[in-house]
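Student: Sequence:
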Amino acid sequence: MDLENKPLGALGHRIGLHVDVDLQGKTVGGVGFDEEHWVSGVIIGLSETGTYLTIQLDESIGGGEPHGLLGRPSKGQDRVTVDDPAQIRARELSEVMPAGVPPEIVDLARQGKTLQAIKEYRALTGATLDEAKAWLRTL
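According to the numbering used here, the sequence shown is numbered sequentially starting from 6.
The hints are simulated quantities; they were obtained by calculation from the structure and are not laboratory data.
Treat the numbers as computed from the prediction; the structure is a model and nothing was measured.
Just so you know, not all the hints are guaranteed correct.
Pairs of lysine-lysine residues, derived as DSSO-like cross-links and limited to a Cα-Cα distance of at most 27 Å, are as follows [claimed, not checked]:
no.	residue 1	residue 2
1	118	138
2	124	80
3	138	124
Here are the in silico distance ranges between beta carbons for each label pair [stated by the list, open to error]:
no.	residue 1	residue 2	range
4	30	124	33 to 39 Å
5	81	25	35 to 41 Å
6	29	95	15 to 21 Å
7	107	50	23 to 29 Å
8	142	68	40 to 46 Å
9	59	135	29 to 35 Å
Glycine is no exception: its CB is placed at the ideal position from the N, C-alpha and C atoms.
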């Protein structure tokens, strides 16, 4: 697939998808990354044209230096915007949740509370409605 000519939105990236992002060439929270450095996060925004994504990082980066009148330490940066498809790779559900889907969600489905189970599964995994329904059929 020719990644250079496709907008990120056309590559299947969607809000809620767990991803790894390469911070090479970026400055995040005052920390510059000259070499390849992959971190985990979740897509929380997609530009209207599909040319860039906003990713909520699992852990903040940087911060700590004093600023302002009171010299309080700054907070780290926990979001990054990415416009290069080569800097993003989707994560498998087994990577995000090695133990699988929490038993509470499975119990909801088995008790017949399918809508609630689907809603919680989607919130946890970032799955689409069709993906959540497919997961439910596997139980």
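Student: It remains to establish, for every hint, whether it holds in the given structure.
Tutor: Okay, the hints, checked on the actual structure:
{"no.": "1", "hint": "118 - 138", "in the structure": "holds (13 Å)"}
{"no.": "2", "hint": "124 - 80", "in the structure": "violated (32 Å)"}
{"no.": "3", "hint": "138 - 124", "in the structure": "holds (10 Å)"}
{"no.": "4", "hint": "30 - 124: 33 to 39 Å", "in the structure": "holds (38 Å)"}
{"no.": "5", "hint": "81 - 25: 35 to 41 Å", "in the structure": "violated (18 Å)"}
{"no.": "6", "hint": "29 - 95: 15 to 21 Å", "in the structure": "holds (18 Å)"}
{"no.": "7", "hint": "107 - 50: 23 to 29 Å", "in the structure": "holds (26 Å)"}
{"no.": "8", "hint": "142 - 68: 40 to 46 Å", "in the structure": "holds (44 Å)"}
{"no.": "9", "hint": "59 - 135: 29 to 35 Å", "in the structure": "violated (24 Å)"}
Checked against the numbered hints listed earlier, the structure breaks hints 2, 5, 9; every other hint is satisfied.
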